[in-house]
Amino acid sequence: MAPTHSSPQADLPGRALPWLAHLRASLRLARRREWYGVPYVLPLLLYLGVLLLYPLGYVVYLSLHDVNLLSMASRWVGLDNYRWAFEFEMPGSRGVYFTTSLLRSLGWVALSLSLKVSLGLAGAVLLSQPTRLGRLYQAVTILPWGLPWAIAAMIWAWSYNTQFGFVNGILRLAGLVEQPVAFLGTPVSAFVSTAVADAWIGLPFMVVMILAGLRSVPPEVLDAALVDGASPWQRWVRVTLPLVLPVILTTALLSTVWTFNSYDPIWVMTRGGPLGATETLPIAVYNVGFRQLRIGGIGRAAAMTVMQVLLVSIIAWLYLRMLRRSQQQAG
Amino acid sequence: MTHVLTWGFGLFLLLPIYQMAVTALKAEPEIWYSPPTLYAREPTLSNFVTMLQIVPRLPVHLLNSFVYGLGVSLLSLLIALPAAYGLSRFRVPGEAAIVFGLTYANMFAPIMLVVPLYSIMRRLGLLDTHLAMVVAGSIFTLPLSTLLLSTYFRTVPREIDEAALVDGCSRPGALVRVVLPLVAPAVVAVGIYAFITGWSQQFVLSLVLIQSPDLMPITQGLYQFFSRSSVRWPELMAASTVAAAIPVALFVAVQRYIVQGLTAAAIKG
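Keeping their order, the protein sequence lines are chains G and F.
So that you can map any letter, position 59 of the first sequence is 47 in our numbering, and since no number is skipped, the others follow by simple counting.
So that you can map any letter, position 12 of the second sequence is 85 in our numbering, and since no number is skipped, the others follow by simple counting.
Treat the hints as calculated values from the structure; they're not laboratory data.
Note that the coordinates shown come from a computational prediction; the quantities given were computed from them, not determined experimentally.
All C-beta atoms in this analysis are idealised placements derived from N, C-alpha and C, irrespective of residue type, glycine included.
Possibly wrong hints are sitting among the right ones.
Over the 12 Å line for every Cβ pair with chain F, so calculated as not near, a few chain G residues [what the hints assert, rightly or not]:
#1 Leu34
#2 Arg71
#3 Thr119
#4 Ser147
Just a few of them, taken from the derived set where beta-carbon distance is under 10 Å, the chain F residues facing chain G [stated by the list, open to error]:
#5 Leu136
#6 Phe139
#7 Val140
#8 Ile152
#9 Pro183
#10 Val187
#11 Pro216
#12 Pro254
#13 Trp272
#14 Ser273
#15 Tyr330
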């Protein structure tokens, strides 16, 4: 058909305006939908509507107000709290408090997440091979998952202990260090050590998800590659990895959000120290809202929270998009 | 090479847990050897006695954690069970949006809502109450509980409910008498997931919402082993062993169902 010729059907509104056709279709569908299901879902919607959406709206309200700590009376201040967040420098330190802790958070998340993904992949590959101790090993891998994060942080702090910790004990026994290391005592080592402990906490989830991905690779595909004369390495890189990659990416994105929000390990082990080296955004929000009340307050902490929620929502949006795409591919 | 990796990986996973257990069992002088002994030469349970002398309120903290865990668990199941049933059995209007919203809400951590929740609870006069902890805690367990449960409900064929309806059961009756027993292990698993979360994973919530020592959960109660100048490590490790044993044992018991549910959502769709 020549492009200049308009087909007779083009006059129908549905064809000319695709969104209208879409609307009609969904209205038709809506009529067929079963409203009987609503009473079952309604309590959940009301509950989360009140307890999740209301606080989210309320935090925006708080961020635009100066909130008195004693009376909780609030006074409209416009964007002052946001301006404060982008200007305030903690006495005795350089750089804007909010942006510095945000950047520190990003670095900390990058470190912890790369450990989670690389060790998670290694662990999943190890577990996917049938071994005699397979079940025991799987149980060991799962173990840190059920552990309260605050307690995980406390036992890591003890393991990092300069004099009595096992980490130093093993390093000295192996002759790798001569003097015990103060893992939580210097800025750089504390930054790395808290990220390692956080990676430890998140590792079981990573291993389990990637392992499930590895197990979902159809054996026929690998057999076909074997028949074609592919080496084990080629089979892994060309066949297995591309098939597992969507799972790794979605799990990593989900884990990014959780790592970004990780609060317990740092607070327990260093409280943001030494010299603010582990003061990530969650710690900073807590400090401004509840700890250093002379400089902070609820309104200012609320402004920081709003920006935190926006950042997390961007990552969450990426995650949800990826999840939907991989589910569509899986059918 | 694979062996080195396997052992290294296992060592990394077990190291802090092992040192916790070994320290809890060590006698007084041995704890302060440096470098530390790698096992308890003369194992003793004395730290489990002295921990109660240092923090007599320890059982109260454990009880509080239990109450928070149970409250969060029951509240989550009460709301998530019918919702998950509805989502799996009917084409609820806006179903896709609800699932999308739940997946998004599952990404929320307490630290993101702690500022408004504190303000709201304070205005309502609910600071320092069990209710505040249970209600605030359930916000973070409900999304995943609903998603996991609806995955399990979908594994029960609709024909089974329909048969019950034909036999004169009401819809809620069919849910309680026919469908629930079929997915009972999964319901228990989800309940335990919520219990563990309420028991121990809401550290920052309790820091903000709870001030009186008598209401603190165990994770916060352990801070009494810290003083300005020193930490009572042996007793802290004994108390940590007790506090961790309960959620870890529960988790190991039901992890199969949780893992199945999580991976089903991420991989099969």
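Practice task
Provide an ascending list of the numbers of those earlier hints which the structure does not satisfy.
Solution key: 1, 3, 4, 5, 6, 7, 12, 15
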